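Q: Take 418 as the starting number for the sequence shown in my numbering and just add one per residue.
It cannot be assumed that every hint is accurate.
Okay, derived cross-link-like pairs now, SDA-like style, lysine to any residue, Cα gap no bigger than 20 Å in a straight line [what the hints assert, rightly or not]:
id : residue 1 : residue 2
1  : Lys515    : Cys544
2  : Lys555    : Asp477
3  : Lys490    : Gln471
4  : Lys519    : Leu506
5  : Lys495    : Ser523
6  : Lys490    : Lys532
Hints in this document: simulated from the structure, not taken from any laboratory. Source: prediction; values computed, not measured.
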Amino acid sequence: MLKKLFAVSAILLAVISISFASSGPNMQEGMWEITSKMEMPGMPMEMPPTKHTQCLTNKDLAPQSSQPGQECKITQTKVVGNTVTWTVLCKGQGGNMKGTGKITYSGNSFKGTIKMSMIGENMEMICHISGHRIGDCK
418 MLKKLFAVSA ILLAVISISF ASSGPNMQEG MWEITSKMEM PGMPMEMPPT KHTQCLTNKD
478 LAPQSSQPGQ ECKITQTKVV GNTVTWTVLC KGQGGNMKGT GKITYSGNSF KGTIKMSMIG
538 ENMEMICHIS GHRIGDCK
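Take the sequences, apply the hints, and build the full model.
A: See the structure below:
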């Protein structure tokens, strides 16, 4: 009897763990307004924040770049609890870049950072991002 109870408990624990692991972050799908503030070490002047909107879903959790003339591709995404991390490669007129991003969702908002570096150059950028849901996707 004790063996059966242990086996049933182990199976129940596994099912509960799988359901929590696949539930995704605390994020409501929809149209999001995303604010980005870029920092470049050694740059004499501060860049103003920029804003753009993007539809975010449970299948597309990482915000994309809004830079014109830049083509970025997310190569890996990982979700742990409410935190989403990813790696990205970008091709653009100024050269190719690689980077990592990390954001933490809190229902209708998120905060995080994206760190980018020029491939073959000693140039790094840190982008502080925040977002909030503004409605349904169009």
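Q: All hints, please: hold or fail.
A: Structure-based check of all given hints:
1. For the given pair, Lys515 sits about 13 Å from Cys544 by alpha-carbon distance, which is consistent with the 20 Å threshold.
2. A C-alpha spacing of about 15 Å is found between Lys555 and Asp477, which places the hinted pair at or below 20 Å, so the restraint holds.
3. Of the supplied pair hints, the one linking Lys490 and Gln471 holds, its CA atoms being roughly 16 Å apart against a limit of 20 Å.
4. Our distance criterion of 20 Å between C-alpha atoms is met by Lys519 and Leu506, whose separation comes to about 15 Å.
5. Taken as a hint, the Lys495 and Ser523 pair is honoured in the structure, with Cα atoms around 17 Å apart against an allowance of 20 Å.
6. At most 20 Å may separate the alpha-carbon atoms for a hinted pair to count; Lys490 and Lys532 meet this at roughly 15 Å.
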